[in-house]
Amino acid sequence: METIESIRPLLALSISFIAAFLILAFNKKPNLRDATSFVAAIIKFSIVASMAPLILSGNTIEYTLFHTLPGVDFKFRVDALGMIFATIASFLWIFASVYSVGYMRSSKEHAQTRFFASFSVSIFAAVGGAFAANLFTLIVFYEVLSLVTYPLVYHKETPESWEGSKKYVVYLVGTSKTFLLAAVALTYYIVGNLEFSSKGMLANASASPVLLTIVYVCFMIGFSKAAIMPFHAWLPAAMVAPTPVSALLHAVAVVKMGVFSVLRVIFYVFGTDLMSRLNLGITTAYVVSFTIIMASVYALTQDNLKRRLAYSTVSQLSYVILGAVLLTPSSMVGGIVHIANHAFSKITLFFCAGSIYCAAHKTEVSQLSGIGRKLPWTMTAFFIASLSMIGVPPAAGFISKWYLAMGAIEAREIPILIVLLASTLLNAAYFLPITYKAFFEKPDDTHSGGGHHEEIREIPMVAVPLVLTAIISIIIGIYPDYFLSLAKEIIR
Amino acid sequence: MIEAVHNSMGIPILSLVTFLPLSGAVILFFIRNNRLVRWIALLVTVADFFVSIPILLNFDRTTYHMQFVEHYEWIPSWNITYFMGIDGISVLFVFLTALLGWICVLASWKAIEQKVKEFMMALLVMQTAMIGVFCALDFFLFYLFWEAMLIPMYLIIGVWGGKNRIYAAFKFFLYTLAGSIFMLVGILVLYFAGGETFDIISLMNQKFPSVLQIWVFLAFFIAFAIKVPMFPFHTWLPDAHVEAPTAGSIILAGVLLKMGTYGMLRFPMSMFPEGAAYFTTPVIILSIIGIIYGGFLALAQTDIKKLIAYSSISHMGFVTLGLFVYNTQGIEGGILQMLNHGITTGALFLCIGVIYERTHTRELAAYGGLAKAVPVYTTFLAIFVLSSLAIPGTNSFIGEFLIITGAFGYSTLFAGLSIIGAMLGAVYLLGMYKKVALGEVTHHHIKEAWDIDAREIVAMAALTVFVFWIGLNSMPFLDMMHVSVRHLLEQLNSVNGPIVAIKG
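Residue numbers (the numbering used here), protein chains in the order written: chain A, 78 to 569; chain B, 658 to 1161.
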């Protein structure tokens, strides 16, 4: 239980920042450029992992870079919650960097240098946010992440992608420039500093309950990366991006930055005591329950595979918040580990969607009849990941659902338990038909037109990462200890 | 009691930093070769910049007294003295002016081809007058510098400006002159009410009757509000900005607008706390109107330079809002935001000038795809656009954040309204960036544009350093003004009673 001063957090996040410049410098040498991403990802993960033992034994690591304002530093602190986020972001970057190379080359995308450079800076921002010691540092990286993912969303530069990326920026920058700015300014006004505190910064504040509730609502809307309805529409819109972006950023880094920030607000700005004193916990629980159900219903109606996955993400993100706001030990653990569990499974699903697109140029669910025979690895991985999403043991999703259900019972909230069960059924309803179609329906050749018999084959650089992430989402279902003990460290 | 403490440096550094550019102008008078003129102007302004650095380094942050003071008899029969000195409120602006000085010379390197010598002389005279305004502690001297700015600026707009330059220069001249007359009246009233002295320090330390405070406050306030410009005195600004050559716009946005808010802090607010208290709510309401109205006007522009000009009205509205909420965060945020706005908007005008030299158009519709055609330029443009819309991590965020925090201390409603302006900023700036920089290159003149050269990179990189320096590590800058601001607040609150509890 001590605080260690070390430059390691800064090193960990700057690796990918430096890598971005190398990537730009190697513009004319694609092999060197793409190797840079991969090597940087491995180094980054190693540094993050090297801090894990210290964090697991209850320490925190700090590094102050600048003094910005009275009571506000540009400062990093590695704690258990940040460690979970940083681990998944940096670990999955390794797979995504290999996958991206395979994807971008096989689909012959343009502006690959811009793509890889922005990608690298995105991971820099995500890990920076994970290690932020206060609200100021957090929102700096939060905004960097919004802005640097913008070129990735408009990457294709088609009218459709301009439209989607506009929505993306309007939602993310718009909410943070208004509600988040107000929330942070009010917090600074009330507390006089912005440093996260494990008891809650506002716990002893003399402000009125009404003002505190306003601050809370501003935070929830301001951190719209968490995609709580009705501030979710940017996420389906972001699906115009190339699939590696949807996979790592819009299933892991960006959206997790949102829920991570929301958890920071709940645990470290307000604190569990104040949350229950103001009755904010249970109110939020019902709001996010609505999101869980509605997003699943939307997902059911989507024929476009990536959009279906996006709505599924909206729904799953609210699981994380639901767990946190129920404020019982089990539910909080469930919510927190779901950050990791959802990440591994959802990235697999997106990798699969990209693999289908690269190999067969299919984007709609209705086109997938019989594709499982041609792409067996991809569709098996898809199946495993969907089981995890539904929460079938031994896949990872089961662990989080189990804890969440326990939490709902502990909190004596039977309606919430019903929401969890209903959403499980809905998950099954929109995921399982895809696998069924892929393996058991006959290929429907009328779509591809006569004479067009291109060989559909797995692309190795695309298939290997997705198989690995699928396997990992089983492994962390069987050995959930790492993330569970970090989660328990947080609520201790 | 504010006192003038002795100049610790042993050399009259304020006179040096003020009059060095003027001496450069005198030298230029005798030179005919345009190339040589440019290099000498650059040399002089860079030297002036280096003179301003020891002022920052030797500045004593622990006192609110005037520093680096020079005080000599001048016209004894009228009690006029040559009195120079700076405190935590003015020190940063001396530095800002010296910084923008050499950037203006670089910005005019190729843009000005006619009457180069005369242009550079006007720039240098301008710089002397501007630094003088920030240093003067005698009202006569102050007024002299203040009026001295008018003529070179009139010439810069009227001779080297765009198509409509005569109209714009005349409008600028008339508006500013009108303001100056109000100020002159104010100064004369003070001269007689304060015991026949122009000494600003001794006037600051006096207490004037309430009625006089209110009227003189109003006179000074109108003079400075025109300069800022605050709504409804803002209409000269877009014309002047759009017609002025690049260096003129940088000076206007970077320094001249700050004269208004600096003047408000230094004279009406410091000298007439009761007058200031009387007008607080109207001033704040005008600021909010400026923030929102300026934002909407910017939103409607199709000319890039006009867009940035209108955005200045909105951003300066934030500054006056911060100054008049009377708490530490508000005033420090306001002062810092003046510096930030000088750096960022100066940089944006520089960017516009640079691209105008290549494309000869400022219409948004005539742009698109700059990121592909001129990537280095666009990177800088992106940084300054983000800084202008106050993204966390850049300089303007710190200022805006402090101002809004301060505003929350005054009134939740006003703070909430000002956030609308912050949001509008994001809309028109990002919208502009998208139209200018992204997409395919469709226009011929953009395909032919060349990327920025070393000269332009140096100017932009220098400003970029400050964008991130202040954005992440603003304490050194706030420390400079902290003690002076606290003293000012004590004065304001001693009259009005503490308006709000001050935290942090």
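Read the hints as simulated data drawn from the structure, not as lab findings. Quick reminder that beta carbons are idealized off the backbone N, C-alpha and C, glycines included. Please note: incorrect hints may appear among the correct ones.
[What the hints assert, rightly or not] Short, incomplete list of chain B residues facing chain A, as computed with Cβ under 8 Å:
1. A768
2. L1043
3. G1050
4. I1055
5. F1058
6. F1065
7. I1076
8. A1118
9. L1129
10. N1130
11. M1132
[Said to hold, decoys possible] Calculated cross-link-like contacts (lysine-lysine; reagent style BS3-like; alpha-carbon spacing at most 30 Å):
12. B:K864 with A:K243
13. A:K185 with B:K1092
14. B:K1092 with A:K243
15. B:K820 with A:K106
16. A:K244 with B:K1091
17. B:K772 with A:K243
18. B:K820 with A:K244
Numbered hints the structure breaks, given as an ascending list: Structure breaks hints 1, 8, 12, 15, 17 and 18.
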